[in-house]
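**Q** Chain order of the listed sequences is A and B. Quick note on the working numbering: the first sequence kicks off at 1 and runs consecutively. Quick note on the working numbering: the second sequence kicks off at 297 and runs consecutively.
No lab work stands behind these hints: they were computed from the structure. Hints are not guaranteed to be accurate.
Computed cross-link-like contacts, DSS-like style, restricted to lysine-lysine with a CA-CA straight-line distance of at most 25 Å [as the list claims (entries may be wrong)]: (1) B:Lys580 x A:Lys243; (2) B:Lys661 x A:Lys243; (3) A:Lys23 x A:Lys52.
Derived list of chain A stretches under chain B, where covered just means 3 residues or more per stretch with a C-beta under 8 Å from a C-beta of chain B [as the list claims (entries may be wrong)]: (4) 153-159; (5) 192-198.
Note that CB positions come from ideal geometry on N, CA and C, so glycine has one too.
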Amino acid sequence: MTKVNAAIIGSGNIGTDLLYKLKRSAILDPVWMVGVDPASDGLARARTLGVKTTADGVDGLVPHLATDRIAVVFDATSAHAHHQNWRRLAEHDVLVVDLTPAAIGPYCIPPINLEQHLTASVRNVNMVTCGGQATVPMVAAVSRVQEVEYAEIVATVASRSAGPGTRNNIDEFTRTTAAAVEKLGGARRGKAIIILNPAEPPLIMRDTIHCLTAGEPDVTAITESVRAMVHEVQRYVPGYRLKNGPVFDGRRVTTYVEVEGLGDYLPPYAGNLDIMTAAALRTGEVWAERALGRSS
Amino acid sequence: MNAPIPVVVSAPIPVVLSEAPGAESKDRLRGTKVTLHDMSLRDGMHPKQHQITLAQMISIASGLDDAGVPLIEVSHGDGLGGASINYGFPLHTDQEYLRAVVPRMKRARVSALLLPGIGTVDDLRMAAGEGVTTIRVATHCTEADVAVQHLGLARSLGLDTVGFLMMAHMIEPAALVAQARIMEAAGANCLYCTDSAGTMLPDDVRARIAALRAALAPATEVGFHGHHNLGMGIANSLAAIEAGAARIDGSAAGLGAGAGNTPLEVLVAVLDRMGAVHGVDLYKVMDVAEDLVVPMMDVPVRIDRDALILGYAGVYSSFLLFAQRAGARYGVSSRDLLVELGRRKTIGGQEDLIEDLALDMARAKGGG
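I would like the entire structure built from these sequences, with the hints used as guidance.
**A** Rendered as structure tokens:
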């Protein structure tokens with residue numbers, strides 16, 4: 001069966017987890033793994049999985065894009081590196097799925113707006129943040145039923161699952177996630193809070209999503225919509241669970257979710273990282289299905 | 297190294313009962329300088345559910361200023377940007393509170409608290425613009441590196457820059473030192489050991505403050521922030537001073553989360569008796585506590601059984617009212633909720649877990 005060829009830039013934890021997922025994909029075939037350190041574990045691991053590697057960054061990949069028919073490039077580096085990578089990739093006929101906070105392209109949260117991005121004009125999509133992937137669908141589930149004046153999300157992740165990128169610029173997480181709560185979640189105003197908890201054994205990612213509806217919330221319709229959205233997310237993140245709620249308290253509608261990862265390369269508690277790689281994979285796969293002329 | 301406690305020879309000593317009983321401890325801290333920092337308008341926002349009026353802010357801050365309290369914190373209880381469903385919407389914005397208080401201070405300086413993950417550098421810049429002289433950047437005691445950006449900005453703005461390591465009872469002194477060093481390197485000129493759960497005993501405080509004092513640069517100050525959940529506010533503050541802390545947080549009438557903070561007027565009286573130099577007028581601060589703060593309490597801030605459990609089980613003090621409300625709503629014991637929150641090693645900011653947990657416990661109860 002024909003698959004669509006893909007490349008991953010970034011051979012760290014996220015890139016490696018994504019590689020494991022891509023190896024299982026029925027639609028995408030990971031052909032290249034791109035790093036910057038020839039001695040990196042990530043590149044060595046990719047080679048043992050039969051993937052071509054380069055330690056020359058994006059410059060090592062570009063000459064092979066056409067010959068290896070690469071159609072999807074996942075970028076799991078940093079915001080700074082993504083800007084440079086995009087400059088080299090923009091002129092090529094590839095879809096770039098950006099897992100960094102750079103957000104050059106439009107935000108993409110698969111069950112909310114992936115369909116809108118499946119056009120030739122969109123060549124770069126951004127996967128927001130882990131907290132955004134986990135919570136914005138719940139905001140959208142409420143706002144598609146009735147107007148949400150304000151939504152606020154609280155993401156609690158294990159300290160061990162928060163890498164230096166998140167730690168060095170935690171404001172970027174709160175700003176980007178809040179922006180996505182508004183733009184994609186449909187809330188008039190959004191706020192995001194992140195907590196890093198160091199408990200051992202590490203806790204599974206949990207998220208609280210509070211919405212304030214404009215009028216009295218429609219209990220039945222919102223409950224149904226939230227449950228349906230949970231099923232949508234579970235299509236690509238099986239460990240996404242509704243823990244409690246929606247709770248209705250006046251105009252407050254609160255949903256509690258838990259995100260357990262698949263444990264491909266990252267440990268299962270790091271559902272926050274798994275949901276990023278799973279959402280990126282889903283984006284690449286749906287795009288590739290369209291490219292192959294199959295229906296999803 | 298152990299920095300010597302600075303001695304000021306000609307310090308003005310407030311007049312106290314000259315030959316009171318217990319005169320043997322009278323000179324214990326003679327000449328020791330302590331900077332007292334009032335929390336009633338920040339930590340005190342918790343028991344007030346962030347509903348302190350501008351008029352109350354102004355009158356209390358002015359009273360504290362007149363009493364000679366050198367540093368007064370004004371922010372949402374959960375720091376700048378804390379306005380939220382999760383922690384409570386305040387009566388006024390941080391900016392409105394700061395704008396009301398800062399210009400009215402004659403001698404006192406005003407500080408603001410910021411918790412990265414809740415507030416951002418935008419909030420910090422706003423507070424600096426409103427004339428705050430001190431920024432305290434707070435993280436859980438193991439997560440200092442999330443504050444590097446904020447501490448660096450505060451320092452570059454020329455602010456008195458404080459690193460505030462919360463729930464410090466959860467790690468050993470050596471681990472606390474490692475985190476404090478990250479904050480010091482990022483620009484903090486003062487590091488706090490923060491007993492957010494009011495669970496430390498004087499030996500716990502002494503060990504941590506002494507370790508910080510020995511490890512940090514001599515010019516870097518060390519501070520202690522207590523909660524009174526086990527009745528240890530004063531005793532812990534004294535242990536901290538004796539171990540080298542130069543800044544101590546207290547709150548007029550103890551207004552603060554849980555059983556409140558170290559009651560400032562009591563601390564002032566004790567420090568007077570021991571000869572410490574702090575510059576606060578005892579009678580005036582007593583009057584602020586009694587005439588202004590106590591009358592505005594919605595409920596008495598005291599060691600009730602839930603506050604006692606916070607201290608006993610090592611739980612973040614501002615969980616108190618959240619656990620009581622969730623307990624009442626879902627028919628579970630607030631004490632059981634707080635104990636379970638402690639067992640799960642929850643940390644500051646996880647207020648959102650409380651209703652979730654109450655729902656689980658109510659379901660378990662119904663099913664069993």
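**Q** Could you run down the list of hints and mark each one as holding or not?
**A** Quick rundown of the hints versus the structure:
Of the pairs offered as hints, the one joining Lys580 of chain B and Lys243 of chain A is violated, with about 52 Å between alpha carbons and a cut-off of 25 Å exceeded. Using a Cα cut-off of 25 Å, the hinted pair Lys661 of chain B and Lys243 of chain A holds, with the two alpha carbons roughly 17 Å apart. Proximity of Lys23 of chain A to Lys52 of chain A is assessed by CA-CA distance (about 13 Å); at most 25 Å being required, the pair is judged to hold. Taking a C-beta to C-beta cut-off of 8 Å, the region 153-159 of chain A contributes 3 residues in contact with chain B, enough for the three needed, and the coverage statement holds.
Interface restraint, the region 192-198 of chain A with chain B: holds (6 residues with C-beta to C-beta distance below 8 Å; minimum three).
Of the hints listed earlier, the one the structure fails to meet is number 1.
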